[in-house]
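Residue numbers for the sequence shown follow our numbering, beginning at 18 and rising by one.
Check before you lean on any hint, since a few could be wrong.
Said to hold, decoys possible - Distance condition first, Cα-Cα at most 30 Å in a straight line; then the derived DSBU-like pairs of lysine-lysine:
no. : residue 1 : residue 2
1   : K183      : K216
2   : K125      : K30
3   : K216      : K45
4   : K216      : K30
5   : K208      : K125
6   : K223      : K45
7   : K183      : K125
8   : K45       : K30
9   : K208      : K223
10  : K30       : K183
11  : K223      : K30
It should be emphasised that the hints constitute simulated quantities derived from the structure, not laboratory data.
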Amino acid sequence: MSLDLPGPQAVRKLQPGRLVIASHNPGKVREIRALLGPYGVEPVSAAELDLPEPEETGTTFVANAELKARQAADLSGLPALADDSGLCVEALGGDPGIFSARWAGENKDFAEAMRRVHAALEAAGPDAPRDAHFICALALAWPDGHVEWFEGRVDGTLVWPPRGDKGFGYDPMFQMEGMGRTFGEIDPDNKHGISHRAKAFEQLVKAVF
Numbered sequence: 018m019s020l021d022l023p024g025p026q027a028v029r030k031l032q033p034g035r036l037v038i039a040s041h042n043p044g045k046v047r048e049i050r051a052l053l054g055p056y057g058v059e060p061v062s063a064a065e066l067d068l069p070e071p072e073e074t075g076t077t078f079v080a081n082a083e084l085k086a087r088q089a090a091d092l093s094g095l096p097a098l099a100d101d102s103g104l105c106v107e108a109l110g111g112d113p114g115i116f117s118a119r120w121a122g123e124n125k126d127f128a129e130a131m132r133r134v135h136a137a138l139e140a141a142g143p144d145a146p147r148d149a150h151f152i153c154a155l156a157l158a159w160p161d162g163h164v165e166w167f168e169g170r171v172d173g174t175l176v177w178p179p180r181g182d183k184g185f186g187y188d189p190m191f192q193m194e195g196m197g198r199t200f201g202e203i204d205p206d207n208k209h210g211i212s213h214r215a216k217a218f219e220q221l222v223k224a225v226f
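Whole structure, please, built from the sequences with the hints as guidance.
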């Protein structure tokens with residue numbers, strides 16, 4: 018699934034100070050806080066500021082990341098960073114993709130979401146490939162409307178049953194290429210160095226710090 022990133026734009030540096038993490042997902046907020054730790058910013062989540070969750074009406078990861086970042090920057094008057102990420106399964110035509118969170122339902126039950134992915138693969142037949150990838154798109158927005166975009170991707174395969182109780186989301190069923198363990202089995206500090214989110218943050222760090 019292509020991110021269809023916008024064309025080149027002038028890079029703006031991010032100054033030390035408060036930065037809104039435009040997410041209500043505690044696991045995602047924890048990962049982003051850890052990744053931002055060394056760079057002199059003071060992360061504050063959208064939930065802590067009582068900012069509403071926007072309807073994700075974009076058709077790509079980057080579009081959804083941008084609308085979340087823009088809303089948080091507009092409402093808070095602070096720079097805001099939003100992540101839109103998901104699991105794309107080759108045999109399912111890229112699903113759940115941008116709907117990854119919605120496959121978990123209103124209660125954000127990712128155990129159920131993983132069962133749905135597994136059931137869809139089973140329905141696709143015994144020879145359906147288990148290839149999948151995670152994509153992360155980051156959008157960094159300022160209150161004046163300036164936005165920067167970054168992306169990361171990791172490829173792997175899906176396992177069943179899920180393994181491990183670390184990470185969040187679909188991590189326990191995703192095994193990255195070259196690894197013998199799922200994202201749910203590895204230490205979060207290790208994941209922070211190799212994940213799709215880490216790869217997107219590498220681009221962000223090079224550009225804005």
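Going down the list of hints, with the structure as the test:
Restraint check: the Cα-Cα separation between K183 and K216 comes to about 19 Å, which is no more than 30 Å; the hinted pair holds. The straight-line distance between the Cα atoms of K125 and K30 is roughly 35 Å, outside the 30 Å bound, and the hint therefore fails. With a CA separation close to 15 Å, the supplied pair K216 and K45 stays within the 30 Å bound. Only pairs whose Cα atoms come within 30 Å are accepted, and K216 paired with K30 is accepted, the gap being roughly 19 Å.
Distance restraint check for K208 and K125: the Cα-Cα separation of roughly 22 Å lies within the 30 Å cut-off, and the hinted pair is therefore satisfied. In summary, the hint linking K223 to K45 is supported, as the alpha carbons are separated by about 21 Å, within the 30 Å threshold. This hinted pair checks out: K183 and K125 have alpha carbons roughly 16 Å apart, not beyond 30 Å. For a cut-off of 30 Å, the pair hint linking K45 to K30 stands: about 23 Å separates their Cα positions.
As the CA atoms of K208 and K223 are separated by approximately 20 Å, the hinted pair is consistent with the 30 Å bound. In summary, the hint linking K30 to K183 is not supported, as the alpha carbons are separated by about 33 Å, beyond the 30 Å threshold. With a CA separation close to 10 Å, the supplied pair K223 and K30 stays within the 30 Å bound.
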